[in-house]
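Number of protein chains: 2
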Amino acid sequence: MGDIQSEFNKGGVGMISWEKALQLIFLNIKPLPAVKVDITRAVGMILAEDVYSKIQMPPFNKSAMDGYAVKFTDLVKTPVKLKCAGIIQAGCSFEKKIKPGQCVKIMTGAPVPSDVDCVVMIEDTRQLKSGYVEILKGGKQGENICVRGEDIRAGQKVLSRGTLLFASHVSLLASVGRCFVKVIRKPRVAVLNTGSEIIPAGGKLGKNKLYNSNGPQLQALLNIDNIESCFLGIAKDEPKAMKAAVKKGIRYDMLLISGGVSMGDYDLVPEILEKSGVKKIFHKVKIKPGKPVFFGTKNNTAVFGVPGNPVSNFTAYHLLIRPAIHKMLGYTDCNPKLYEGIVTRQINKKTGRKHFIPITISSKAGRYYMTPLSGHGSADIFTLSKSDGFMIVEEDVKNVATNSIKSFITWKKI
Amino acid sequence: MGDIQSEFNKGGVGMISWEKALQLIFLNIKPLPAVKVDITRAVGMILAEDVYSKIQMPPFNKSAMDGYAVKFTDLVKTPVKLKCAGIIQAGCSFEKKIKPGQCVKIMTGAPVPSDVDCVVMIEDTRQLKSGYVEILKGGKQGENICVRGEDIRAGQKVLSRGTLLFASHVSLLASVGRCFVKVIRKPRVAVLNTGSEIIPAGGKLGKNKLYNSNGPQLQALLNIDNIESCFLGIAKDEPKAMKAAVKKGIRYDMLLISGGVSMGDYDLVPEILEKSGVKKIFHKVKIKPGKPVFFGTKNNTAVFGVPGNPVSNFTAYHLLIRPAIHKMLGYTDCNPKLYEGIVTRQINKKTGRKHFIPITISSKAGRYYMTPLSGHGSADIFTLSKSDGFMIVEEDVKNVATNSIKSFITWKKI
Numbered sequence: 103m104g105d106i107q108s109e110f111n112k113g114g115v116g117m118i119s120w121e122k123a124l125q126l127i128f129l130n131i132k133p134l135p136a137v138k139v140d141i142t143r144a145v146g147m148i149l150a151e152d153v154y155s156k157i158q159m160p161p162f163n164k165s166a167m168d169g170y171a172v173k174f175t176d177l178v179k180t181p182v183k184l185k186c187a188g189i190i191q192a193g194c195s196f197e198k199k200i201k202p203g204q205c206v207k208i209m210t211g212a213p214v215p216s217d218v219d220c221v222v223m224i225e226d227t228r229q230l231k232s233g234y235v236e237i238l239k240g241g242k243q244g245e246n247i248c249v250r251g252e253d254i255r256a257g258q259k260v261l262s263r264g265t266l267l268f269a270s271h272v273s274l275l276a277s278v279g280r281c282f283v284k285v286i287r288k289p290r291v292a293v294l295n296t297g298s299e300i301i302p303a304g305g306k307l308g309k310n311k312l313y314n315s316n317g318p319q320l321q322a323l324l325n326i327d328n329i330e331s332c333f334l335g336i337a338k339d340e341p342k343a344m345k346a347a348v349k350k351g352i353r354y355d356m357l358l359i360s361g362g363v364s365m366g367d368y369d370l371v372p373e374i375l376e377k378s379g380v381k382k383i384f385h386k387v388k389i390k391p392g393k394p395v396f397f398g399t400k401n402n403t404a405v406f407g408v409p410g411n412p413v414s415n416f417t418a419y420h421l422l423i424r425p426a427i428h429k430m431l432g433y434t435d436c437n438p439k440l441y442e443g444i445v446t447r448q449i450n451k452k453t454g455r456k457h458f459i460p461i462t463i464s465s466k467a468g469r470y471y472m473t474p475l476s477g478h479g480s481a482d483i484f485t486l487s488k489s490d491g492f493m494i495v496e497e498d499v500k501n502v503a504t505n506s507i508k509s510f511i512t513w514k515k516i
Numbered sequence: 103m104g105d106i107q108s109e110f111n112k113g114g115v116g117m118i119s120w121e122k123a124l125q126l127i128f129l130n131i132k133p134l135p136a137v138k139v140d141i142t143r144a145v146g147m148i149l150a151e152d153v154y155s156k157i158q159m160p161p162f163n164k165s166a167m168d169g170y171a172v173k174f175t176d177l178v179k180t181p182v183k184l185k186c187a188g189i190i191q192a193g194c195s196f197e198k199k200i201k202p203g204q205c206v207k208i209m210t211g212a213p214v215p216s217d218v219d220c221v222v223m224i225e226d227t228r229q230l231k232s233g234y235v236e237i238l239k240g241g242k243q244g245e246n247i248c249v250r251g252e253d254i255r256a257g258q259k260v261l262s263r264g265t266l267l268f269a270s271h272v273s274l275l276a277s278v279g280r281c282f283v284k285v286i287r288k289p290r291v292a293v294l295n296t297g298s299e300i301i302p303a304g305g306k307l308g309k310n311k312l313y314n315s316n317g318p319q320l321q322a323l324l325n326i327d328n329i330e331s332c333f334l335g336i337a338k339d340e341p342k343a344m345k346a347a348v349k350k351g352i353r354y355d356m357l358l359i360s361g362g363v364s365m366g367d368y369d370l371v372p373e374i375l376e377k378s379g380v381k382k383i384f385h386k387v388k389i390k391p392g393k394p395v396f397f398g399t400k401n402n403t404a405v406f407g408v409p410g411n412p413v414s415n416f417t418a419y420h421l422l423i424r425p426a427i428h429k430m431l432g433y434t435d436c437n438p439k440l441y442e443g444i445v446t447r448q449i450n451k452k453t454g455r456k457h458f459i460p461i462t463i464s465s466k467a468g469r470y471y472m473t474p475l476s477g478h479g480s481a482d483i484f485t486l487s488k489s490d491g492f493m494i495v496e497e498d499v500k501n502v503a504t505n506s507i508k509s510f511i512t513w514k515k516i
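If you read the protein sequences in the order shown, they are chains A and B.
The numbering of the first sequence is my numbering, which starts it at 103 and goes up by one.
The numbering of the second sequence is my numbering, which starts it at 103 and goes up by one.
If you're looking for bench data, these hints aren't it; they were derived computationally from the structure.
Treat the hints with care, since some could be wrong.
One copy or two, it doesn't matter: identical chains are merged, so the pair holds either way.
Under the rule of at most 27 Å between Cα atoms (straight-line distance), these lysine-lysine pairs were calculated in the DSSO-like manner [what the hints assert, rightly or not]:
1. LYS342 x LYS377
2. LYS456 x LYS381
3. LYS514 x LYS288
4. LYS284 x LYS132
5. LYS466 x LYS349
6. LYS132 x LYS400
7. LYS242 x LYS452
8. LYS239 x LYS199
9. LYS239 x LYS500
10. LYS515 x LYS466
11. LYS439 x LYS466
12. LYS488 x LYS284
13. LYS284 x LYS388
14. LYS179 x LYS452
15. LYS393 x LYS338
16. LYS515 x LYS439
Remember, it's a predicted structure, so these values are computed and weren't measured experimentally.
With the hints as constraints, model all of the structure from the sequences given.
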């Protein structure tokens, strides 16, 4: 890590590995500030405060069952007949004294009076005439009573800063009375497409033109991650249009630009970003597809320039952009989740770059099997659409034999 | 399946297994009708049409690289000097004829003229003075040219009805010009809490009262599943308030009611549902926690009455409600995803019901290890908040030994 930082301080790096690219992203992006959100919207976010309970949980001795509250000393011998002194509904108090030989009907969630010490569930009782109840089976002392404070004591820390929130935490927050909670806020992301050949989907396709697939694709990926995005449109490959769009985009927490980052004469993105004050962190990563990917920052804005080929675009999101979003969200582990699987079909590749090869995934006896798909490379969105994930093949590997074990990334629930 | 249906036709069933409950849910819920949505919002939804491409993909012979378009016959011997006849930008045409000995500079995504048949990438060329270019390495015929229609032919079916849509499909839909797509629509869900002891979180907690945790919990779970929900408030345990709330709720696709389904005198939900025209499908399932769960339908509305204890509520969502939502969404496999893990600590249980025991999950060498958490049962949301999933222990099992293998459900990314 120190190594990469000093390399970076010395004036940037050339074509780097995926691992180094991730390190540089994590070094140059900070978690966003905390905001207060409604607890039902806090799922998937990182808690930005320690949460203490102001109340005991349960707040009072509470019946866990519908049944009869009794004195345990009356249950020495069962069955036993007890006089029913009344009924306690949830939310209400019972003010009368319960004498030996008496019981009181009680509902789940209702307060247990202090002069009883056992709740017998209704299934183990029988109602008799003239206000008597037969207790069929004896319980244990304290049975079916949730004692005040047994789950949580007043003043106790119930959740720690840094917790990734699930629905079970939401329930806990609500039960101690919280409606809002401080969490690391989500990034606001701008999506910009570039390319004079790109037109919005929906219209008639003119000569030499292509429909914009990267814009909807990036917005769909952001939707999956529950991140709000704003589409800034399609900028032509000309400095003026692009400069204006970039100016707008760098006001967001993250700007994703697709196209215009490669070797062409009209690949203006890196130059325009530089002129707009974006500091280059890296340009080009030893991955296939996605090599010409650019990453830079301006103040707290992270800027990615991703290749315009839709498969490269998709790959760059999974390999670099989602980890960057996770860093902004304050996650502890921001790396993509890797699985291991068995290769079902031999493939060859060139050395020099880490390859991410579209695969279908099946599982059998707890193991994953990966079948590489043949396609036409980084523009072939049709092959990508049939895949479940990418198999990862290391830079120096030329041949992958059948039955070898490789890592993979997937977007399918496996 | 036929068995269950006939049992059901004969007038309902008593306390049933989880598996039967799921079968009855799947039998009594239909996928919702199709709607048109923006493709970026279609992720996680089921395609309700076959999608055909009206265009060829790519729509024209397209350069895959920034480089020089050449005649392959000029590359017999390399290095070779060629006269550069111009430049082709993406989105534009090149009208001049390219003669033998000539080449033309070409950008990624630009149309390849018909009188050249190879693109040499820029890294394998050197620009010379006076409009000449040196081609350093010879390519293959057709190299770096994406041929019109090679990925998709006009008229070809690109996606089939029934496909679960991922971001890669969004990109495909966009690339063939679609902005909207027909999908099975998402259910609109109403959440209703009941209980005279329940008050909304945020205020001061009165005597014998509990904060509403099930409402936020259910809404958070629905948010995780990207399902919109409407909170109908907290109804007291009295017929009038409850009837009015149920009347409102059964106008949704799904109504989730928490509390009031058990054995207590004020457990009015099943009766009020019946009076509101909801047909009972089952009431009580052999699961712990969550036994008193109710499921019924009125027309196309599915109604769940779930126990008021927050852990039961949470469990019922994972075991029964989410599968019901998946059925409405048109998923093929609506069952909860089960994993297998190794138990690290011995536990005992009573027979008769399938137990879902909160666990923490760790993984090592490709295997999952489950540690059961000790807690205070179905009201103990604090213990639940520390768990990663539930271990499933079968109805007839009394003791689970260390190192035994059991299924589990998780909400953590594992």
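Out of the numbered hints, which ones does the structure contradict? Violated hints: 5 and 13; rest satisfied.
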